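Engineer: In the numbering used here, the protein residues as written are 869 to 1172.
Warning: the hint list may mix true and false statements.
[Claimed, not checked] Taking CB as the label site, the calculated pair distances span:
1) Asn1003 - Ala935: 31 to 39 Å
2) Ile1068 - Ile1154: 44 to 52 Å
3) Ala935 - Gly1073: 48 to 56 Å
4) Leu898 - Glu1134: 26 to 34 Å
5) Leu1136 - Arg1165: 18 to 26 Å
6) Ala892 - Ser937: 38 to 46 Å
7) Ile1068 - Leu1013: 41 to 49 Å
8) Phe910 - Ile1068: 53 to 61 Å
Simulated from the structure, these hints should not be mistaken for lab results. Keep in mind that this is a model prediction, so the values were computed, not measured. Note that beta-carbon positions come from the ideal geometry of N, C-alpha and C, so glycine has one too.
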Amino acid sequence: MRSVPATRAAFLRSRKVQLGLMLAPFLIGLAVLVIGPALVTFALAFADYDLIETVRWVGFANFVELAQSTAFHEALRNSLGFAAVAVPLRLLIALGLALLLHRRAPGVGTARTTATLPSAVPEVAYGLLWLWLLNPMYGPVNQLLRLFAEPDSIPNWLTDPADARAGIVLMSLFTIGETFVVLLITRRALPPHVYELAAIEGATGFQVFRRVTLPLMAPVLGLLLLRDTILSFQFSFVPALVVTDGGPPPYATTYLPLFVYRNAFEYLRYGYAAAATLVMLVCTGIAVLLQWRLIRRYRSRYDW
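Taking the hints into account, I'd like the entire structure generated from these sequences.
Structural biologist: Right under this line is the structure:
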């Protein structure tokens, strides 16, 4: 008969084999779809390649050209501005909806579904819908604004640079379904006895939010802030491509993802586009690092 240690060792080995087999599809997908393309992008950033001629090593020439490119400067500025405006607004709106809809009440289920529904719409269909909504002549948004505002103050969503950028931000504010669901679950999971104690002490609604709700939800809010900052460079791609086509001319709504897409797939400048992608990744990393430092400072202050 086999001893108990030998049987246990065999069981552990079979357990490891099972876990390895279950992880294999994920690891293969990670290597083929994430790590591999990332390494190829890094290599192409220092080369010149157009799918026709052979790859030619150019060193830092692509980055030098980016530093001198007006289109890239505008795309970088637009992307950073979009992240600075859209990310906090998306988080604040999702938090407000979560605090408003966390209690059971008539119609709350319908309201929650309405808040999450735009996130389930395909991005291209969502962009085409807003192309109709923001039409300056017969779009419902401007038709509604004409009832309350002077004609000269009506935004020209598709022809004015500032209005077009505002329109891209406006489109992003409705696709907060995932953030809203996470914050809703977080709010419902908070211990009720804390609020009972606050009510006994006579705390006002704002005091409860500032001293109880916000500190308890701060870890999740911090993670969502980091997540949205990383994804903010993707939020603007489809709206800018479908609704404004990167305009009004020359580059009012040309963001870094659209800049990379056009140089790679329209102009076949894969090395130049890869260099722009690396710059975008560096900008994302810097933004995340700054936010992480702020979160750590807040964490040390409230000890969570």
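Engineer: Hint by hint, say whether it matches the structure.
Structural biologist: Cross-check of the supplied hints:
no.	hint	result
1	Asn1003 - Ala935: 31 to 39 Å	holds (38 Å)
2	Ile1068 - Ile1154: 44 to 52 Å	holds (46 Å)
3	Ala935 - Gly1073: 48 to 56 Å	holds (51 Å)
4	Leu898 - Glu1134: 26 to 34 Å	holds (30 Å)
5	Leu1136 - Arg1165: 18 to 26 Å	violated (46 Å)
6	Ala892 - Ser937: 38 to 46 Å	holds (43 Å)
7	Ile1068 - Leu1013: 41 to 49 Å	holds (47 Å)
8	Phe910 - Ile1068: 53 to 61 Å	holds (59 Å)
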